[in-house]
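Engineer: Below, each chain spelled out in residue letters.
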Amino acid sequence: MQEYFVAKKIDFGEGDRRIVRAGGSEVGVFHHGGAYYAYANTCVHSGGPACEGIMIPKVLDVIAEDRSYQGQVFSDEMHFVCPWHGYEYDLKTGECAGDRRLKLRKYQVVDRDDSIFVIA
Amino acid sequence: MNDQTPVEDVRQLHFDRFSSSESLAKASEQALKRNYQDFLIVDIDSHHYESESYAEVFQYIESPVLRRSFVESAQRGGRSSMLGGSVGYQDISGRITRHWLRKHEKVDASDRHRDISTTTRWMDAMGVDYACLFPTPMLFLGTHPQVEIEVAMARAYNAWLCERILAEEPRIISMLYLPFNDPEATYKMVQDFGDKKGVKGFMVTSPRYKPVHDNCYMKTYRLLEEMGKPISFHAAYNWNDQSLNLLNRFISVHALGFMWFNMVHMTNWVMNGIPERFPKLKTVWIESGLTWAYSLMQRLDHSYMMRTSDCPSLKRKPSEYMQEMFYSSQPMEMPEDKSILEATFKMIKAETQLVWSSDYPHWDFDLPSVIHDLPFLKEDAKRAILGGNAARLLGLDPTPVKTIPGHR
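Residue numbers (the numbering used here), protein chains in the order written: chain E, 1 to 120; chain B, 1001 to 1408.
Simulated from the structure, these hints should not be mistaken for lab results. You may find that some hints are simply not true.
To be verified - Simulated crosslink set (DSBU-like; lysine-lysine; CA at most 35 Å straight-line):
id, chain 1, residue 1, chain 2, residue 2
1, B, 1402, B, 1106
2, E, 58, B, 1338
3, E, 92, B, 1338
Between the sequences and the hints, there should be enough to build the whole structure, so can you do that?
Structural biologist: This is how it looks when you write it as structure tokens:
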């Protein structure tokens, strides 16, 4: 395992992303909500670039007390979406939204001095 | 900076540019790793967006009156048009980024049509030698209330496709749209276009309401049989269909709609003995996945044994006819228990009757790896499904002609 440089923090603003080739694998590094996350950039579905799509919150059905449907809302759970087919992943865990047993490999992110590194 | 990591190994994302090759870089990695360059891969069902070329296509409208109407209609964005459209949000509310990024794709400035450049680009990236190209919005044209508009648009599109695409690029082939609501125009289409370069057969879009066993189509089926060209039924949905109208979400209408119309047409096709009347007519069922056929074969066989008098043209069980037809693979269902998929393959005689398809660039496209990576298939069977069966069906040279990016 070794550290791979991702970006200077000054160049890696809130909402930014980088794709890093690290240890023979591609890793997607996210900066969101003041935190950094890193996952394998290979979708569990068909090997697509899982970390290269849009980010969008999880959608919820609103079901009232009487069990009636009252529309849909975005939740606080942020997802990133594989652009090939739409597989969604929980940004904080790397779990696949459609089946939480499926996960992207998570990589450790190091925030040191003025730079961000990923360990792979 | 860590000296051990070259900076070129870090890249940013851009949502204001697009390249089919870059978007499918991981598909190319799969293609190289699996040695796709060594064997033929044919995509029996892929698409372009003919609506992006309407300005050209409309010039091929034969009637000057209708041509003017089409052209004028196209210049009034946001209002009712001649062709209408279909309700549906295939891009999953923007999550399928290529749908809205593709307009940024740059192609070489040449006389080559943009669709040729972008199509051959993704074909190479995936490892595809030949792609059977179909339209996209026209998949819903069979529900247009004006039959003469379906005919006019079908003839214009086919003429444009033959002249601008098929004549120019031998790796792109097609089965041409039949304006099935007009049986005479359907017959004439086969007569007029059957011998054009790259025309490997003809295609009926499945969402429509004329039964395929109607006597009015018999002379077209006979002509196709004589020409040795297949007829295919390309699935789609019609949310306004009375049954599908009960569904409130796109995922639901897509899942059922793409099976429903082909199940109806297949049932009419078999129970009315069309395969007995045209035993050499090659029939292809496109974009319904596989489970519908697995299910329908069992269902029809079960009823047939008790009610043979209902379908006296049949000399064998319905499934036996269905096992002689061809099926495109996408969207291929992937049960966790692969023995279920293996049983489906066995039921449809996949090793000779299944033809791989991508449906690219649509949202639920498949890569060749959906076949190549199946644990229960031998190498010969994989290669047959990925290209050999289609070469036999369409009369293609089995020599690979693609150039996978990065292949040396």
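Engineer: Each hint needs a verdict: does it hold in this structure or not?
Structural biologist: How the hints compare with the structure:
1. 1402(B) / 1106(B): Holds - the C-alpha atoms of residue 1106(B) and residue 1402(B) are around 21 Å apart, at most 35 Å.
2. 58(E) / 1338(B): 30 Å, holds
3. 92(E) / 1338(B): 31 Å, holds
Of the numbered hints listed earlier, not one is contradicted by the structure.
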